[in-house]
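Residue strings, one per chain:
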Amino acid sequence: MQPNLQTEISQLLEEAGKFAQQGKREKAYRYSLKATTIAPGEPRGWYIRAQNAPSREEQLMCLSHAYTLAPDHVETKQDLRAAVHALVKQEPFLAYVYETEQFYQVRSGRDLLINVPKDRTFEVPYLKKKPGLAQPAFRWLTFALVALFLGGVGAVLFAPVAAFQALRLQASAPTDGERTRLLIVFILAVLVWLVAIPISWLLLIRFYPV
Amino acid sequence: MLVRAIYLCALWSAISLLTTLVMGSRLRRSDSALSFLWLTGVILAGNFIAIFAFGRLLEIFGLSLLAFIFGLYWIIRLRDWNAPAQITWSMTLMTTGLFMVYTFLLTAFSPLNPLSFVFALIFFFLEAITLTLALAHMHESLDVVCRVRWHRLLEKLEPIPGYLPMVSLQVPAYNEPVEVVEKTLKSLAGLNYPNFEVLVVDNNTPLQATWRPLEEICRTLGPNFHCLHLDQWPGYKSGALNFAVTQTDPRAEILGIIDADYEVDPNFLNELVPAFANPQVAFVQTPQDYNDSTGDVFSESMYRGYKYFFEVSMPSRNERNAIIFAGTMGLIRKSVLEEIGGWDEWCITEDAEASLRILKKGYQSLYINRSYGSGMMPINFEGLKKQRFRWCFGGIQILKKHWEALMPWAHLVDPENKLTFAQRYYYLVGGLGWFSDVFNLLFAFFLVMGAVFNIFSSPIKIRPLTDTVLIIPAVFLCLHILRFLWVLRNRLRVSMNMAVATMYNFFSLGWVVTLACIQGLVQREGVFLRTPKGTSASKAWHAIQVTQWETAIGILCIMAGLIAFGSDRNWRTLSLCILLIWQGSLYLAAPLYSLLSLNRETALGGTVPVQVTDQGKPVLEQLAARWVVAFSMVLIGAFSLIRFLPTPAGLPDYVRFLPEDSSSAVALSPQQSAGREPGATASPVLTTAPETPEMPAPTLGATGATATVTASSANCRARPRGGAERITFLYKDQQVEIVGRSDDPGNPWWLIKIPDSNGRCWLWGMTATLNGSIEGIPITSERGTAGDSQ
Chain A
1 MQPNLQTEIS QLLEEAGKFA QQGKREKAYR YSLKATTIAP GEPRGWYIRA
51 QNAPSREEQL MCLSHAYTLA PDHVETKQDL RAAVHALVKQ EPFLAYVYET
101 EQFYQVRSGR DLLINVPKDR TFEVPYLKKK PGLAQPAFRW LTFALVALFL
151 GGVGAVLFAP VAAFQALRLQ ASAPTDGERT RLLIVFILAV LVWLVAIPIS
201 WLLLIRFYPV
Chain B
1 MLVRAIYLCA LWSAISLLTT LVMGSRLRRS DSALSFLWLT GVILAGNFIA
51 IFAFGRLLEI FGLSLLAFIF GLYWIIRLRD WNAPAQITWS MTLMTTGLFM
101 VYTFLLTAFS PLNPLSFVFA LIFFFLEAIT LTLALAHMHE SLDVVCRVRW
151 HRLLEKLEPI PGYLPMVSLQ VPAYNEPVEV VEKTLKSLAG LNYPNFEVLV
201 VDNNTPLQAT WRPLEEICRT LGPNFHCLHL DQWPGYKSGA LNFAVTQTDP
251 RAEILGIIDA DYEVDPNFLN ELVPAFANPQ VAFVQTPQDY NDSTGDVFSE
301 SMYRGYKYFF EVSMPSRNER NAIIFAGTMG LIRKSVLEEI GGWDEWCITE
351 DAEASLRILK KGYQSLYINR SYGSGMMPIN FEGLKKQRFR WCFGGIQILK
401 KHWEALMPWA HLVDPENKLT FAQRYYYLVG GLGWFSDVFN LLFAFFLVMG
451 AVFNIFSSPI KIRPLTDTVL IIPAVFLCLH ILRFLWVLRN RLRVSMNMAV
501 ATMYNFFSLG WVVTLACIQG LVQREGVFLR TPKGTSASKA WHAIQVTQWE
551 TAIGILCIMA GLIAFGSDRN WRTLSLCILL IWQGSLYLAA PLYSLLSLNR
601 ETALGGTVPV QVTDQGKPVL EQLAARWVVA FSMVLIGAFS LIRFLPTPAG
651 LPDYVRFLPE DSSSAVALSP QQSAGREPGA TASPVLTTAP ETPEMPAPTL
701 GATGATATVT ASSANCRARP RGGAERITFL YKDQQVEIVG RSDDPGNPWW
751 LIKIPDSNGR CWLWGMTATL NGSIEGIPIT SERGTAGDSQ
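Chains as they are written, first to last, in this note's numbering: chain A, 1 to 210; chain B, 1 to 790.
Calculated from the structure, these hints are not laboratory results. Computed from a predicted structure; not experimentally measured. A portion of the hints provided could be inaccurate.
[Said to hold, decoys possible] Derived lysine-lysine pairs resembling DSS-like cross-links, with alpha carbons at most 30 Å apart: (1) A/K27 to A/K77; (2) A/K130 to B/K401; (3) B/K418 to A/K129.
Let the hints inform the model, and build the full structure from the sequences given.
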């Protein structure tokens with residue numbers, strides 16, 4: 001944003017805030033409307049405009065804008081929540097549009113698009129979770145375990161691969177937890193291999209009975 | 001020795017369990033001296049019988065000493081249990097452990113071809129997992145019935161003056177009849193707690209006529225009742241509840257979930273909210289109750305089935321702060337729900353899943369075993385099937401998502417995982433417990449295969465069917481059934497008939513649980529079961545149709561058992577038949593209950609709405625069953641393949657490591673020993689070998705080969721099979737001359753010359769080692785004779 005434009009917006013918002021404090025809501029609204037028209041990316045403009053908006057619908061729309069631009073602004077969130085609450089009290093219909101980590105976008109019964117803050121820790125959905133670093137090692141370990149159930153010979157082959165993978169990935173492990181996980185895969189692979197040896201021997205002697 | 005040890009332990013286990021069934025629930029004290037005396041008494045009682053049965057004083061003494069030390073360890077560990085429970089647990093654990101060792105040795109050292117060995121190994125692992133799960137069930141039963149000291153048991157919480165945090169009660173609804181929700185809302189309006197709001201969250205109900213009246217009802221009930229209709233909302237119930245949290249009053253500290261068909265006690269909040277005065281308590285759960293539980297066997301047994309979880313599993317879990325948040329009739333701290341990221345929209349049992357994430361953060365949970373409300377049960381067996389499918393599917397989803405957090409090393413990988421050992425144990429066993437029904441179906445399959453091979457006299461072998469393999473599982477089965485009935489009677493206060501009806505209600509759902517387990521493993525997203533649609537106007541026919549798979553499996557089991565026994569009448573096929581009838585009855589309980597549920601449908605008429613719990617994509621039961629059918633086909637194919645693989649030409653050396661089962665059977669009771677040699681019955685589970693056809697006997701002379709008896713004593717019989725008439729005994733290290741052999745080198749029988757006699761008899765190859773070459777020994781089917789003493 002150019003410096004003179006920035007100055008102009010600051011002045012407009014300052015004026016709007018002053019009028020709002022004086023209870024001259026109409027003037028405050030006009031100034032904030034101008035500010036949001038000139039600089040739609042300025043959250044303060046939307047917030048002041050919402051406070052002085054002539055209708056509940058416009059207030060909600062402005063608060064949604066303000067919230068989208070500054071999701072951490074506590075007052076915006078509080079006002080938005082109260083506004084949605086009041087809207088729902090009148091018309092309980094809300095249709096899903098989309099959601100982000102921080103908010104839902106819904107369409108009200110009066111066709112308003114509203115952003116509703118989630119206010120909760122974001123947890124990556126299970127199906128969208130990226131596989132961990134240890135996944136290839138785990139995969140081989142799973143093969144080894146299944147093979148152990150099926151006579152052990154496969155486990156004798158797969159368990160060392162799992163152990164090797166675990167060792168190989170150790171160097172690129174970004175966290176202590178990941179390193180520990182790989183170490184555990186390594187230990188489990190060794191254990192599976194040790195169990196697989198006698199079991200596969202029991203299988204093999206059936207091909208060549210003494 | 002191992003076999004004798006198993007029998008002795010099984011004896012101790014049976015004595016202690018039977019005394020527990022009689023006295024376990026009455027003895028309300030626990031002290032070390034009493035436990036010590038109880039342990040001594042059980043061991044001595046077992047030993048008294050064992051001395052007459054086995055002799056072997058030194059062995060009995062040694063094993064008693066071990067059992068005593070083991071028992072003392074558990075007496076110290078389980079101080080909150082009474083003496084019968086402590087001893088029952090330790091003896092059952094010991095028997096199970098020894099039996100697993102035995103079955104492993106039998107699997108490892110039986111002369112089987114490679115494919116048979118692989119099957120035997122799979123069977124061993126299945127058996128081991130099933131026995132471990134049975135132990136877990138026993139632990140839970142003893143824990144709730146025989147516990148004398150409860151550390152976290154609370155019947156009711158007293159209100160704390162001045163502590164009245166705001167509660168937001170959420171009532172999720174989907175296509176619910178207005179009158180049902182209205183009843184629920186009116187009961188909520190009667191709550192005697194001053195600071196709460198109610199938020200009706202209707203999600204995706206298509207018709208305005210269904211949900212609009214809810215808005216009006218909320219208006220009439222007052223300003224703290226709100227209604228919210230969410231349209232085209234993703235994430236099903238949990239998606240809607242997640243959004244609902246954003247619409248709760250900002251002052252609300254506690255959230256409550258109330259199903260739309262629940263009538264709530266006015267004291268619900270007043271008596272539960274004080275639990276949250278402790279900032280560590282994140283959620284509180286109370287039992288879910290039902291108001292339409294009487295009138296017919298189906299309703300009553302279904303009701304008891306639900307109660308089992310809240311009367312047995314939850315109190316046991318609560319002692320270790322490992323309860324499950326069951327959704328309705330529970331309260332949860334809002335800040336904690338926000339901290340964990342809300343309800344999981346992938347898992348179809350989002351409430352149980354959330355409780356695990358909460359406990360992972362180190363919070364406390366609390367279970368108050370007092371009913372504060374009642375709802376409606378499924379109207380018929382079809383509804384029950386669908387509901388159980390959903391619960392099991394959700395349980396498997398939780399295991400898939402959180403398995404690593406439940407592993408012993410979890411806290412090393414993730415230091416923020418604060419689950420205790422007990423919490424990990426309960427959640428892991430709770431998830432794996434669903435697979436019991438999968439294993440049960442597999443065992444039924446193995447039994448049916450055994451019967452089929454027996455009917456067609458097929459020599460397919462998987463594992464030798466020794467006496468121990470037959471007797472000990474039968475003992476386990478009987479004891480666990482008795483234990484289950486005992487816990488039902490004690491905790492649910494029901495008659496024996498109702499306990500049996502409840503037990504069968506559980507078992508009747510085995511098939512649908514199996515399907516849910518498989519679907520849970522193979523599906524990425526949530527699905528719900530769609531049962532076959534009725535093609536007839538007859539309600540009875542439809543009731544059978546929705547259980548067509550269970551009916552087919554049940555009939556198959558019973559027919560296979562009866563035909564197997566009819567075609568070859570001996571005590572082994574009788575055992576097989578009894579086992580198959582038992583298995584069949586478990587599956588046939590489904591059509592029976594489905595028919596019985598018609599009474600419920602008729603009695604309730606239109607008063608109960610059809611509950612919609614469908615979440616996710618539909619999966620047809622027929623399509624879900626294809627996995628089971630395909631797996632069965634693979635197994636049948638593999639069994640058939642075994643026939644074409646060569647068996648060892650002679651008896652391999654490694655059979656010397658086999659436990660001496662036949663000898664112990666002889667020692668146990670000569671009267672019982674007839675027909676017990678395992679060699680004649682090596683099959684998938686149970687088959688007896690065909691009668692050896694009569695053939696012209698070749699001239700049998702000296703072969704140069706001898707056999708040395710390795711078992712402590714061995715029967716020598718008239719024919720080369722276990723059930724044949726016994727002619728004489730042979731003793732350990734006795735060397736006898738071999739004059740002929742049976743035609744099955746994988747399961748050899750030697751026709752031997754009876755020492756000091758001109759008679760001949762058949763000695764089972766696994767009780768002796770061959771000295772010399774098998775080549776020169778002629779194959780024969782000659783009948784043994786006692787001969788005259790020389």
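B/K418 paired with A/K129 [C-alpha distance capped at 30 Å]: holds (22 Å)
Pair hint outcome, A/K27 versus A/K77 [Cα-Cα no greater than 30 Å]: Measuring from Cα to Cα gives roughly 24 Å; hence the hint holds.
30 Å limit on alpha-carbon distance, applied to hinted pair A/K130 and B/K401: Distance of about 13 Å is within 30 Å: holds.
Against the hints set out earlier in the document, no violation occurs for any number.
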